[in-house]
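Asks: Sequence:
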Amino acid sequence: MGFKGKVEMYKYVDDILKIFGMKDIRLVDSLVAKGDKVSLNRGPKEIRKLRKCRRSLVREKDVCWEYAEKLDGNKVRCKFCQRVLNGGISRLKHHLSRFPSKGVNPCSKVRDDVTDRVRGIIASKEEVKEISCVKKQKLAEVKSPNNLSATKALVSLDAASPLMKIFPTGNPMTPSSTNNQENLERSIALFFFENKLDFSVARSSSYQLMIDAIAKCGPGFAGPSAEILKSTWLERIKAEVGLQSKDVEKEWATTGCTIIADTWTDYKSKAIINFLVSSPSRTFFHKSVDASPYFKNTKWLADLFDSVIQEFGVENVVQIIMDSSVNYTGIANHIVQSYGTIFVSPCASQCLNLILEEFSKVDWVSRCILQAQTISKLIYNNASLLDLMKKYSGGQELIRTGITKSVSTFMSLHSMLRLRTRLKNMFHSHEYASNTSYANKPQSISCVAIAEDGDFWRTVEECVAISEPFLKVLREVSEGKPTVGSIYELMTRAKESIRTYYIMDENKCKTFLDIVDKKWRDQLHSPLHAAAAFLNPSIQYNPEIKFISSIKEDFFNVLEKLLPVPDMRRDITNQIYTFTKAHGMFGCSLAKEARHTVAPSLRAQSHNNWFGLPDPIERSERPARY
Numbered sequence: 001m002g003f004k005g006k007v008e009m010y011k012y013v014d015d016i017l018k019i020f021g022m023k024d025i026r027l028v029d030s031l032v033a034k035g036d037k038v039s040l041n042r043g044p045k046e047i048r049k050l051r052k053c054r055r056s057l058v059r060e061k062d063v064c065w066e067y068a069e070k071l072d073g074n075k076v077r078c079k080f081c082q083r084v085l086n087g088g089i090s091r092l093k094h095h096l097s098r099f100p101s102k103g104v105n106p107c108s109k110v111r112d113d114v115t116d117r118v119r120g121i122i123a124s125k126e127e128v129k130e131i132s133c134v135k136k137q138k139l140a141e142v143k144s145p146n147n148l149s150a151t152k153a154l155v156s157l158d159a160a161s162p163l164m165k166i167f168p169t170g171n172p173m174t175p176s177s178t179n180n181q182e183n184l185e186r187s188i189a190l191f192f193f194e195n196k197l198d199f200s201v202a203r204s205s206s207y208q209l210m211i212d213a214i215a216k217c218g219p220g221f222a223g224p225s226a227e228i229l230k231s232t233w234l235e236r237i238k239a240e241v242g243l244q245s246k247d248v249e250k251e252w253a254t255t256g257c258t259i260i261a262d263t264w265t266d267y268k269s270k271a272i273i274n275f276l277v278s279s280p281s282r283t284f285f286h287k288s289v290d291a292s293p294y295f296k297n298t299k300w301l302a303d304l305f306d307s308v309i310q311e312f313g314v315e316n317v318v319q320i321i322m323d324s325s326v327n328y329t330g331i332a333n334h335i336v337q338s339y340g341t342i343f344v345s346p347c348a349s350q351c352l353n354l355i356l357e358e359f360s361k362v363d364w365v366s367r368c369i370l371q372a373q374t375i376s377k378l379i380y381n382n383a384s385l386l387d388l389m390k391k392y393s394g395g396q397e398l399i400r401t402g403i404t405k406s407v408s409t410f411m412s413l414h415s416m417l418r419l420r421t422r423l424k425n426m427f428h429s430h431e432y433a434s435n436t437s438y439a440n441k442p443q444s445i446s447c448v449a450i451a452e453d454g455d456f457w458r459t460v461e462e463c464v465a466i467s468e469p470f471l472k473v474l475r476e477v478s479e480g481k482p483t484v485g486s487i488y489e490l491m492t493r494a495k496e497s498i499r500t501y502y503i504m505d506e507n508k509c510k511t512f513l514d515i516v517d518k519k520w521r522d523q524l525h526s527p528l529h530a531a532a533a534f535l536n537p538s539i540q541y542n543p544e545i546k547f548i549s550s551i552k553e554d555f556f557n558v559l560e561k562l563l564p565v566p567d568m569r570r571d572i573t574n575q576i577y578t579f580t581k582a583h584g585m586f587g588c589s590l591a592k593e594a595r596h597t598v599a600p601s602l603r604a605q606s607h608n609n610w611f612g613l614p615d616p617i618e619r620s621e622r623p624a625r626y
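In this text, residue positions in the sequence shown follow the UniProt record's numbering: the first is 1, and each later residue adds one.
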């Protein structure tokens, strides 16, 4: 048959697309070709045009258009705050929902009922995606030639269990003889499992070096025995590290160094202080001291720190970092009074953990955490229910572990929010309702009620929104890279995230910012942070950074402390002006390229005194490390 023009043909194709769910393009293409006497090469192009037209029609029917005005191109104007947004109706939804994590500024004038409605639309769309994902997993399980039993977890492609990769489903304990790489990976995995090694060991720089060295030796290589490792190789490596540390010590006269005091105690009240020394090149372990008998004796601890400082040389030490396990205030006061050029800073990771701990003590946050723990305890205290949860979650864990209890708590809330739809599906499933070991019990009924409570999930969203910025800062300072030049900016951005999220709720905003400011002011903040931020080109030359003027005073205070003699400061004034105005070397192409690509701790090494400043200023910028 033929069509009277393209409009009739499009209508015909549209009807076919509806019948076949817009999926079987080849069949539709064939029908179009037969009906309009056109070549097969023309069909898909017409269908793509039709699909694009239909998507446009669907967007135009979106209920959220009543809150916006469509402009030219892909722009819309919010009817509440009159802000113009790029990205169409999708960006408008996130603007009205006031979700800060989507890269869209939240609307400051939208009504609460509109926000709740739009959030519901976004949540329902995400639920449809989750349901579609679960259906695909079940379909893949049914089609699998080696179908696992119904009690096994449904494993998604992006969260496959290591055991599934190690043991083939046909014969789980017999490795394939045709795939050498798979055999090798299986052997490495079993080595990790049998020796209870942390999986993060695989990220070590020496991990791949070891594998490459073994591969060069070829088959038949026998690894060193335990006796050889703890005697011959221990002494050799110790001697090599000693030689490397001697080379690094030569840098201290230029860059200075940071002493890190890492303290831990056990349940028997045994206290060990590990001393490490850090500089731009690397960090070395110095020594370990058993301080158990004198851990509460400030005089003894002060003498201990004095001896360590003397070992490195007072003129080489710029900063000492310690945690609050020791008498931080007493030791810090002693060092500041005894050594005019040494700064004392607390452990950044510990201070960030204290901030999260204070967050968790806020009444409504604490109630939300208790409700979430009710669900997790029910699931993880019942083996069959845990298997059922992993089946619906695709093998993903509900509980996440971090370096401290507070970090673990907020990470688990984030995990629970991500698996919200799957948890609801599990609680409504026939498998859950038919199991008498947990169904219809008081705790189970309570968990179902919590999972169905919209207020609970809104509170979880809020907890995730306020904690995520500080978890990001914690990840940055825990990676082992020097962050003294960026900690000021990281904390400023985290606080700005709180202000953005609570743009409509000043009371809550003040509650959390007061917690952050108190910890920052009383513990975490150090003049070195401000000085390093001032000397960081990626901050100094960034027009979006607004706190440069507020840290200038701290910067000059650091200079006065490190350079007490006026003659030492005379030549610096002009150079500081040149640096802040990006004149001379600071304005050349090489320097501009390095602003955002080279770490502050490496610039002087990479470009032979790239800053062009005297050595004492470099010491104020580069030695501090977290």
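Since the hints were derived computationally from the structure, they do not count as laboratory data.
Computed from a predicted structure; not experimentally measured.
Incorrect hints may appear among the rest.
Below, in silico cross-link-like pairs of lysine-lysine (BS3-like), each with a Cα-Cα straight-line distance of 30 Å or less [said to hold, decoys possible]:
hint: 1; residue 1: Lys-296; residue 2: Lys-377
hint: 2; residue 1: Lys-109; residue 2: Lys-70
hint: 3; residue 1: Lys-246; residue 2: Lys-268
hint: 4; residue 1: Lys-268; residue 2: Lys-196
hint: 5; residue 1: Lys-405; residue 2: Lys-518
hint: 6; residue 1: Lys-581; residue 2: Lys-196
hint: 7; residue 1: Lys-508; residue 2: Lys-519
hint: 8; residue 1: Lys-518; residue 2: Lys-581
hint: 9; residue 1: Lys-546; residue 2: Lys-472
hint: 10; residue 1: Lys-377; residue 2: Lys-361
hint: 11; residue 1: Lys-361; residue 2: Lys-296
hint: 12; residue 1: Lys-299; residue 2: Lys-230
hint: 13; residue 1: Lys-75; residue 2: Lys-109
hint: 14; residue 1: Lys-196; residue 2: Lys-377
hint: 15; residue 1: Lys-510; residue 2: Lys-561
hint: 16; residue 1: Lys-390; residue 2: Lys-508
hint: 17; residue 1: Lys-250; residue 2: Lys-296
hint: 18; residue 1: Lys-552; residue 2: Lys-495
hint: 19; residue 1: Lys-405; residue 2: Lys-296
hint: 20; residue 1: Lys-390; residue 2: Lys-424
hint: 21; residue 1: Lys-109; residue 2: Lys-125
hint: 22; residue 1: Lys-546; residue 2: Lys-405
hint: 23; residue 1: Lys-299; residue 2: Lys-287
hint: 24; residue 1: Lys-246; residue 2: Lys-561
hint: 25; residue 1: Lys-299; residue 2: Lys-361
hint: 26; residue 1: Lys-561; residue 2: Lys-109
hint: 27; residue 1: Lys-287; residue 2: Lys-361
hint: 28; residue 1: Lys-196; residue 2: Lys-250
hint: 29; residue 1: Lys-508; residue 2: Lys-79
hint: 30; residue 1: Lys-472; residue 2: Lys-441
hint: 31; residue 1: Lys-361; residue 2: Lys-518
Asks: The structure should be examined with respect to each hint, and the outcome stated for every one.
Replies: A quick look at each hint next to the structure:
1. Proposed proximity of Lys-296 and Lys-377 is contradicted: the alpha carbons are some 38 Å apart, above 30 Å.
2. A C-alpha spacing of about 19 Å is found between Lys-109 and Lys-70, which places the hinted pair at or below 30 Å, so the restraint holds.
3. Taken as a hint, the Lys-246 and Lys-268 pair is broken in the structure, with Cα atoms around 37 Å apart against an allowance of 30 Å.
4. About 25 Å separates the Cα atoms of Lys-268 and Lys-196, which keeps this hinted pair within 30 Å; it holds.
5. For the hint linking Lys-405 to Lys-518, the alpha-carbon distance of about 21 Å falls within 30 Å, and the restraint holds.
6. For the proposed pair Lys-581 and Lys-196, the alpha carbon gap of about 55 Å is over 30 Å, so the pair is violated.
7. Between the alpha carbons of Lys-508 and Lys-519 the distance comes to roughly 17 Å, so the proposed pair stays at or under 30 Å and holds.
8. A distance of roughly 34 Å separates the Cα atoms of Lys-518 and Lys-581; the hinted pair therefore is violated under the 30 Å criterion.
9. This hinted pair checks out: Lys-546 and Lys-472 have alpha carbons roughly 21 Å apart, not beyond 30 Å.
10. Note on Lys-377 and Lys-361: the hinted pairing holds, with a Cα-Cα distance of about 20 Å set against a maximum of 30 Å.
11. Taken as a hint, the Lys-361 and Lys-296 pair is honoured in the structure, with Cα atoms around 28 Å apart against an allowance of 30 Å.
12. Distance restraint check for Lys-299 and Lys-230: the Cα-Cα separation of roughly 38 Å exceeds the 30 Å cut-off, and the hinted pair is therefore not satisfied.
13. Annotation: proposed proximity of Lys-75 to Lys-109 holds, straight-line Cα distance about 19 Å (limit 30 Å).
14. About 25 Å separates the Cα atoms of Lys-196 and Lys-377, which keeps this hinted pair within 30 Å; it holds.
15. With a CA separation close to 35 Å, the supplied pair Lys-510 and Lys-561 exceeds the 30 Å bound.
16. Taking the CA atoms of Lys-390 and Lys-508, the gap is near 36 Å; set against the 30 Å cutoff, the hint is violated.
17. Among the hinted pairs, Lys-250 with Lys-296 is inconsistent with the structure: their alpha-carbon atoms are about 36 Å apart, more than 30 Å.
18. Proximity of Lys-552 to Lys-495 is assessed by CA-CA distance (about 20 Å); at most 30 Å being required, the pair is judged to hold.
19. The straight-line distance between the Cα atoms of Lys-405 and Lys-296 is roughly 25 Å, inside the 30 Å bound, and the hint therefore holds.
20. Annotation: proposed proximity of Lys-390 to Lys-424 holds, straight-line Cα distance about 13 Å (limit 30 Å).
21. Restraint check for Lys-109 and Lys-125: the C-alpha separation of about 25 Å stays at or below 30 Å, so the hint holds.
22. Pair hint Lys-546 plus Lys-405 does not hold up; C-alpha atoms about 34 Å apart against a cutoff of 30 Å.
23. Of the supplied pair hints, the one linking Lys-299 and Lys-287 holds, its CA atoms being roughly 20 Å apart against a limit of 30 Å.
24. About 28 Å separates the Cα atoms of Lys-246 and Lys-561, which keeps this hinted pair within 30 Å; it holds.
25. Distance hint between Lys-299 and Lys-361 is unfulfilled; the C-alpha atoms sit about 35 Å from each other, more than 30 Å.
26. In summary, the hint linking Lys-561 to Lys-109 is not supported, as the alpha carbons are separated by about 49 Å, beyond the 30 Å threshold.
27. A distance of roughly 37 Å separates the Cα atoms of Lys-287 and Lys-361; the hinted pair therefore is violated under the 30 Å criterion.
28. For a cut-off of 30 Å, the pair hint linking Lys-196 to Lys-250 is broken: about 40 Å separates their Cα positions.
29. With a C-alpha separation of about 27 Å, the suggested pairing of Lys-508 with Lys-79 holds against the 30 Å cut-off.
30. Annotation: proposed proximity of Lys-472 to Lys-441 is violated, straight-line Cα distance about 39 Å (limit 30 Å).
31. For the proposed pair Lys-361 and Lys-518, the alpha carbon gap of about 15 Å is at most 30 Å, so the pair holds.
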